[in-house]
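Visitor: Produce the entire structure from the sequences given, and follow the hints as far as they go.
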Amino acid sequence: MTWGLYTIIIHEYQNLLIKCLRNIAIALWVISEICYVRIQFSDPGEILQKTVPLKLLNNSQLLQYYQNICDKCNSWKPPRAHHCKRCNKCIFKMDHHCEWTNNCVGALNQKYFVLFLLYMFCYIITILLIHILWIYSFFMTNYLDIWNSLKANQFEIFEVILAITMCSFFSFFVISMLQDQIQVIRDNQTVVESFQGKFGRQQSFLQNMKQFMGDEKWYYWMLPTTPILKLNYAEIVYGESLVNMGTSYLEDIIYDEKNPQSAYFAEFMVDNYKKKKA
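Using this note's numbering, you'd call the opening residue of the sequence shown number 419 and step up by one each time.
Simulated from the structure, these hints should not be mistaken for lab results.
Source: prediction; values computed, not measured.
Ideal Cβ placement from N, Cα and C applies to all residues, glycine included.
A couple of the hints might just be wrong.
Unchecked claim - Across the chosen pairs, the derived CB separations fall in these ranges:
{"id": "1", "residue 1": "S622", "residue 2": "K490", "range": "32 to 38 Å"}
{"id": "2", "residue 1": "Y554", "residue 2": "F459", "range": "38 to 44 Å"}
{"id": "3", "residue 1": "E634", "residue 2": "D605", "range": "21 to 27 Å"}
{"id": "4", "residue 1": "Y638", "residue 2": "T559", "range": "42 to 48 Å"}
{"id": "5", "residue 1": "F459", "residue 2": "D605", "range": "26 to 32 Å"}
Guide: Right under this line is the structure:
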């Protein structure tokens with residue numbers, strides 16, 4: 419990404435459209451780097467609870483779904499948590515361990531990862547357009563003596579062709595990862611859960627987006643700001659065996675917030691701001 423920025427900054431462009439695209443590319447580079455840093459240094463959703471909440475112990479009907487203890491970090495492991503071998507800790511809604519950032523992507527920082535992929539793809543396409551327009555402008559300006567012009571600008575031509583080749587390759591790579599992220603958000607899954615054939619509660623795409631991107635105005639979703647999230651550690655992860663048993667009653671007793679007698683536990687809803695203070 420930095421090399422791509424270098425290739426568009428060192429050259430002077432006369433074309434007004436290319437100048438505008440260069441400013442857009444610089445802005446996309448900046449916001450992509452902000453997202454990258456936030457992924458790298460943010461908490462992905464480490465499980466801080468060390469024991470099963472007491473209210474669960476009093477409900478034998480649900481205890482079977484929540485009594486799991488991680489044998490690696492010896493702490494309570496909610497149904498939608500996964501232990502990361504690299505980080506050596508349990509992460510709530512762990513999507514994957516990202517080698518690019520040396521950090522996990524989980525419930526608290528998946529927004530930054532999705533934005534990073536989105537803005538990086540837009541950045542790559544912008545760089546690609548700039549170089550294609552530069553080649554078109556170069557040939558149109560020097561078409562009367564194209565051979566000598568090519569020989570006089572060999573390094574510059576090589577640099578542009580290499581940039582176009584790299585942008586074309588990485589655009590497919592990034593859009594593939596972005597597509598995977600949109601798919602798991604749509605299905606209320608993580609990449610880990612998709613490999614296991616499991617998923618969260620099925621609901622609308624908008625509700626799923628709020629779980630990952632924050633329960634706030636949509637335009638905040640496009641900014642690398644801290645999302646307002648409420649993490650429901652009581653959320654069951656569904657698989658074939660549970661679906662075959664019938665899930666309607668389980669969903670009712672877990673998600674009925676208006677019924678004080680239901681098994682909807684307030685302490686499971688952890689606001690990420692409060693968690694950070696703790």
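Visitor: Would you say the C-beta atoms of Y638 and T559 sit inside 42 to 48 Å of each other?
Guide: At roughly 45 Å between Cβ atoms, T559 and Y638 fall inside 42 to 48 Å, so the hint holds.
Visitor: Honestly, do Y554 and F459 meet the 38 to 44 Å range at C-beta?
Guide: About 41 Å separates the Cβ atoms of Y554 and F459, which means 38 to 44 Å holds.
Visitor: Between the beta carbons of E634 and D605, is the distance compatible with 21 to 27 Å?
Guide: This hint holds: roughly 22 Å between Cβ atoms.
Visitor: Could you check the hint for me, namely that F459 and D605 are 26 to 32 Å apart, CB to CB?
Guide: For F459 and D605 the Cβ distance comes to about 29 Å; the hint holds.
Visitor: In this structure, is the beta-carbon distance linking S622 and K490 contained in 32 to 38 Å?
Guide: holds, 35 Å
Taken one by one, the earlier hints all hold for this structure without exception.
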